[in-house]
Amino acid sequence: MQQVPALKIDGIILSQSLAIIQYLEETRPNPRLLPQDLKKRAQARMISDHIVSGIQPLQNLTFLKQVGEKMEWAQHNITCGFKALEQILQHTAGRYCIGDEVSMADLCLVPQVHNAERFKVDLAPYPTITRINKALLELEAFQVSHPCRQPDTPAELRT
Amino acid sequence: MDSSGRPVLYSYFRSSCSWRVRIALALKGIAYDQEPVNLLKDGGQQFSTEFQAVNPMQQVPALKIDGIILSQSLAIIQYLEETRPNPRLLPQDLKKRAQARMISDHIVSGIQPLQNLTFLKQVGEKMEWAQHNITCGFKALEQILQHTAGRYCIGDEVSMADLCLVPQVHNAERFKVDLAPYPTITRINKALLELEAFQVSHPCRQPDTPAELRT
Numbered sequence: 000m001q002q003v004p005a006l007k008i009d010g011i012i013l014s015q016s017l018a019i020i021q022y023l024e025e026t027r028p029n030p031r032l033l034p035q036d037l038k039k040r041a042q043a044r045m046i047s048d049h050i051v052s053g054i055q056p057l058q059n060l061t062f063l064k065q066v067g068e069k070m071e072w073a074q075h076n077i078t079c080g081f082k083a084l085e086q087i088l089q090h091t092a093g094r095y096c097i098g099d100e101v102s103m104a105d106l107c108l109v110p111q112v113h114n115a116e117r118f119k120v121d122l123a124p125y126p127t128i129t130r131i132n133k134a135l136l137e138l139e140a141f142q143v144s145h146p147c148r149q150p151d152t153p154a155e156l157r158t
Numbered sequence: 000m001d002s003s004g005r006p007v008l009y010s011y012f013r014s015s016c017s018w019r020v021r022i023a024l025a026l027k028g029i030a031y032d033q034e035p036v037n038l039l040k041d042g043g044q045q046f047s048t049e050f051q052a053v054n055p056m057q058q059v060p061a062l063k064i065d066g067i068i069l070s071q072s073l074a075i076i077q078y079l080e081e082t083r084p085n086p087r088l089l090p091q092d093l094k095k096r097a098q099a100r101m102i103s104d105h106i107v108s109g110i111q112p113l114q115n116l117t118f119l120k121q122v123g124e125k126m127e128w129a130q131h132n133i134t135c136g137f138k139a140l141e142q143i144l145q146h147t148a149g150r151y152c153i154g155d156e157v158s159m160a161d162l163c164l165v166p167q168v169h170n171a172e173r174f175k176v177d178l179a180p181y182p183t184i185t186r187i188n189k190a191l192l193e194l195e196a197f198q199v200s201h202p203c204r205q206p207d208t209p210a211e212l213r214t
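Sequence order for the protein chains is A and B.
Under numbering that gives the first Met the number 0, the first sequence has 108 at position 109, and the numbering climbs by one with no breaks.
Under numbering that gives the first Met the number 0, the second sequence has 138 at position 139, and the numbering climbs by one with no breaks.
Everything labelled a hint here was simulated from the structure, so no lab data went into it.
Beta carbons are placed, not taken as given, at the ideal position from N, Cα and C, and that holds for glycine.
Be aware that one or more of the hints could be misleading.
Said to hold, decoys possible - Simulated pairs of lysine-lysine, BS3-like, Cα-Cα distance not exceeding 30 angstroms:
#1 B:27 <-> B:95
#2 A:82 <-> B:63
#3 B:189 <-> B:175
#4 B:94 <-> A:82
#5 A:39 <-> A:133
#6 B:120 <-> A:7
#7 B:125 <-> B:138
#8 A:69 <-> B:63
#9 B:94 <-> A:69
#10 A:64 <-> B:94
#11 B:94 <-> B:27
#12 B:175 <-> A:69
#13 B:63 <-> A:38
#14 B:94 <-> B:120
#15 B:40 <-> B:120
#16 A:119 <-> B:125
#17 A:39 <-> A:69
#18 B:138 <-> A:39
#19 B:175 <-> A:82
#20 A:38 <-> B:94
#21 A:69 <-> B:138
#22 B:95 <-> A:69
#23 B:125 <-> A:64
#24 A:38 <-> B:95
Unchecked claim - Cβ pair distances, simulated, as ranges:
#25 B:85 <-> A:36: 18 to 26 angstroms
#26 B:4 <-> A:139: 41 to 49 angstroms
#27 A:89 <-> B:135: 31 to 39 angstroms
#28 B:186 <-> A:133: 31 to 39 angstroms
#29 B:66 <-> A:145: 14 to 22 angstroms
#30 B:4 <-> A:142: 46 to 54 angstroms
#31 B:86 <-> A:143: 39 to 47 angstroms
#32 B:86 <-> A:139: 40 to 48 angstroms
Model the full structure from these sequences, guided by the hints.
The following block contains the structure:
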């Protein structure tokens with residue numbers, strides 16, 4: 000598919016982040032990344048899918064090339080997506096996207112907020128998204144995985 | 000749910016995302032009612048205040064079931080799978096299950112959003128971009144299927160990946176993408192269209208299918 004991420008694990012290579020994450024969840028179930036309650040699990044997938052299919056593809060490198068590098072389309076799509084997400088989170092969120100346990104939805108939220116900031120999208124209309132993002136960034140897993148701390152992070156962006 | 004107690008699916012006949020869920024409901028033998036949402040009429044009925052209360056994402060499909068409303072086709076399909084597990088739509092083998100999700104995600108995130116109505120509006124109705132994205136996506140998919148396919152996308156059992164494949168092939172045909180380079184996709188699509196669930200859920204046979212497209 001000529002995209003990242005791809006994971007070589009257990010003798011296979013998987014791509015598509017949510018397929019990878021759910022494979023990890025099913026083979027290494029602790030700690031849990033999807034709620035046990037089936038309705039909450041569906042909501043976690045719904046929020047994940049909204050970000051992964053409904054926002055990210057409409058602001059990524061491929062898309063920008065095809066709309067002629069018009070940043071305003073990327074900003075528009077993130078804005079529309081966040082407006083809907085803010086509404087959905089009114090019903091599902093606790094400390095995190097789904098109640099008080101970190102789920103796959105949170106793994107999708109933080110990187111998308113980071114992109115929103117890079118695209119200079121005003122986040123003031125999204126207090127729930129902002130609050131949850133802040134809470135998640137306090138967790139070590141979200142820090143060690145941050146773009147600013149990777150082996151391939153350029154020196155000028157490294158913190 | 001409405002007074003019949005049945006699930007309610009908000010759907011557009013031609014929406015490939017809605018078709019995926021229609022197939023799942025048919026395969027699992029779940030009776031439901033449809034509320035058509037016309038994506039073109041009145042500036043797009045998905046943008047109405049009424050529908051926004053159903054789905055803030057302003058998209059189809061949305062499913063009212065078991066006292067909740069879910070959107071996003073794969074989230075809906077996996078909820079149906081986990082609450083009504085027969086017949087199975089995801090392989091029991093965890094690696095095959097991951098492959099089924101990978102193929103589904105590739106179509107749902109990697110192809111469909113780069114050829115849908117929203118995208119076309121933003122690239123200035125340039126069909127060639129939609130055709131390009133479907134072509135790139137199908138080229139990759141044809142390669143992946145070399146490793147996973149039997150009669151269907153994952154071996155010989157219908158899975159969520161197949162529910163994503165057929166509607167995307169239908170879109171490819173509508174965009175006049177040449178399918179000759181994709182013999183595996185074509186073969187699997189043909190086999191799936193022989194199944195009743197893929198026929199009853201087809202865009203040409205829905206309550207909101209326009210008369211001139213109905214068969």
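Verification of the hints:
Proximity of residue 27 of chain B to residue 95 of chain B is assessed by CA-CA distance (about 20 angstroms); at most 30 angstroms being required, the pair is judged to hold. The hinted pair formed by residue 82 of chain A and residue 63 of chain B meets the criterion: a straight-line CA distance of about 22 angstroms does not exceed 30 angstroms. Pair hint residue 189 of chain B plus residue 175 of chain B holds up; C-alpha atoms about 17 angstroms apart against a cutoff of 30 angstroms. For the proposed pair residue 94 of chain B and residue 82 of chain A, the alpha carbon gap of about 36 angstroms is over 30 angstroms, so the pair is violated.
A distance of roughly 22 angstroms separates the Cα atoms of residue 39 of chain A and residue 133 of chain A; the hinted pair therefore holds under the 30 angstroms criterion. Note on residue 120 of chain B and residue 7 of chain A: the hinted pairing is violated, with a Cα-Cα distance of about 38 angstroms set against a maximum of 30 angstroms. A C-alpha spacing of about 21 angstroms is found between residue 125 of chain B and residue 138 of chain B, which places the hinted pair at or below 30 angstroms, so the restraint holds. For the hint pairing residue 69 of chain A with residue 63 of chain B, the CA-to-CA distance comes to about 37 angstroms; that exceeds 30 angstroms, so the pair is violated.
With a C-alpha separation of about 40 angstroms, the suggested pair residue 94 of chain B and residue 69 of chain A falls outside the 30 angstroms cut-off, and the hint is violated. Pair hint residue 64 of chain A plus residue 94 of chain B does not hold up; C-alpha atoms about 34 angstroms apart against a cutoff of 30 angstroms. Restraint check: the Cα-Cα separation between residue 94 of chain B and residue 27 of chain B comes to about 23 angstroms, which is no more than 30 angstroms; the hinted pair holds. With a C-alpha separation of about 27 angstroms, the suggested pairing of residue 175 of chain B with residue 69 of chain A holds against the 30 angstroms cut-off.
Between residue 63 of chain B and residue 38 of chain A the CA atoms are separated by roughly 12 angstroms; this keeps the pair inside 30 angstroms, and the hint holds. With a C-alpha separation of about 38 angstroms, the suggested pairing of residue 94 of chain B with residue 120 of chain B is violated against the 30 angstroms cut-off. Taking the CA atoms of residue 40 of chain B and residue 120 of chain B, the gap is near 15 angstroms; set against the 30 angstroms cutoff, the hint holds. Between residue 119 of chain A and residue 125 of chain B the CA atoms are separated by roughly 27 angstroms; this keeps the pair inside 30 angstroms, and the hint holds.
With a C-alpha separation of about 37 angstroms, the suggested pairing of residue 39 of chain A with residue 69 of chain A is violated against the 30 angstroms cut-off. Distance check on the hinted pair: residue 138 of chain B and residue 39 of chain A sit about 36 angstroms apart at the alpha-carbon level, beyond 30 angstroms; violated. For a cut-off of 30 angstroms, the pair hint linking residue 175 of chain B to residue 82 of chain A is broken: about 35 angstroms separates their Cα positions. The suggested pairing of residue 38 of chain A with residue 94 of chain B holds, with an alpha-carbon distance near 25 angstroms, which does not exceed 30 angstroms.
Between residue 69 of chain A and residue 138 of chain B, the direct Cα distance comes to roughly 27 angstroms. Compliance with the 30 angstroms bound is thereby established for this hinted pair. Distance hint between residue 95 of chain B and residue 69 of chain A is unfulfilled; the C-alpha atoms sit about 39 angstroms from each other, more than 30 angstroms. Between residue 125 of chain B and residue 64 of chain A the alpha-carbon distance is near 13 angstroms, which keeps this suggested pair within the 30 angstroms criterion. The hinted pair formed by residue 38 of chain A and residue 95 of chain B meets the criterion: a straight-line CA distance of about 24 angstroms does not exceed 30 angstroms.
Separation of residue 85 of chain B from residue 36 of chain A is about 21 angstroms and conforms to the stated range, judged on CB atoms against 18 to 26 angstroms. For residue 4 of chain B and residue 139 of chain A, the hinted distance range of 41 to 49 angstroms is satisfied, since their beta carbons lie about 47 angstroms from each other. Our hint of 31 to 39 angstroms for residue 89 of chain A and residue 135 of chain B holds, since their Cβ atoms are close to 38 angstroms apart. For the pair residue 186 of chain B and residue 133 of chain A, the supplied restraint of 31 to 39 angstroms is violated, since their beta-carbon distance comes to about 50 angstroms.
Taken as a hint, the range 14 to 22 angstroms is violated for the pair residue 66 of chain B and residue 145 of chain A, whose Cβ atoms sit roughly 39 angstroms apart. For the hinted restraint 46 to 54 angstroms between residue 4 of chain B and residue 142 of chain A, the CB-CB distance of approximately 48 angstroms keeps it satisfied. The supplied range of 39 to 47 angstroms is met by residue 86 of chain B and residue 143 of chain A, whose beta-carbon atoms lie about 42 angstroms from each other. For the hinted restraint 40 to 48 angstroms between residue 86 of chain B and residue 139 of chain A, the CB-CB distance of approximately 42 angstroms keeps it satisfied.
In the structure shown, a violation is registered for the earlier hints numbered 4, 6, 8, 9, 10, 14, 17, 18, 19, 22, 28, 29, in ascending order.
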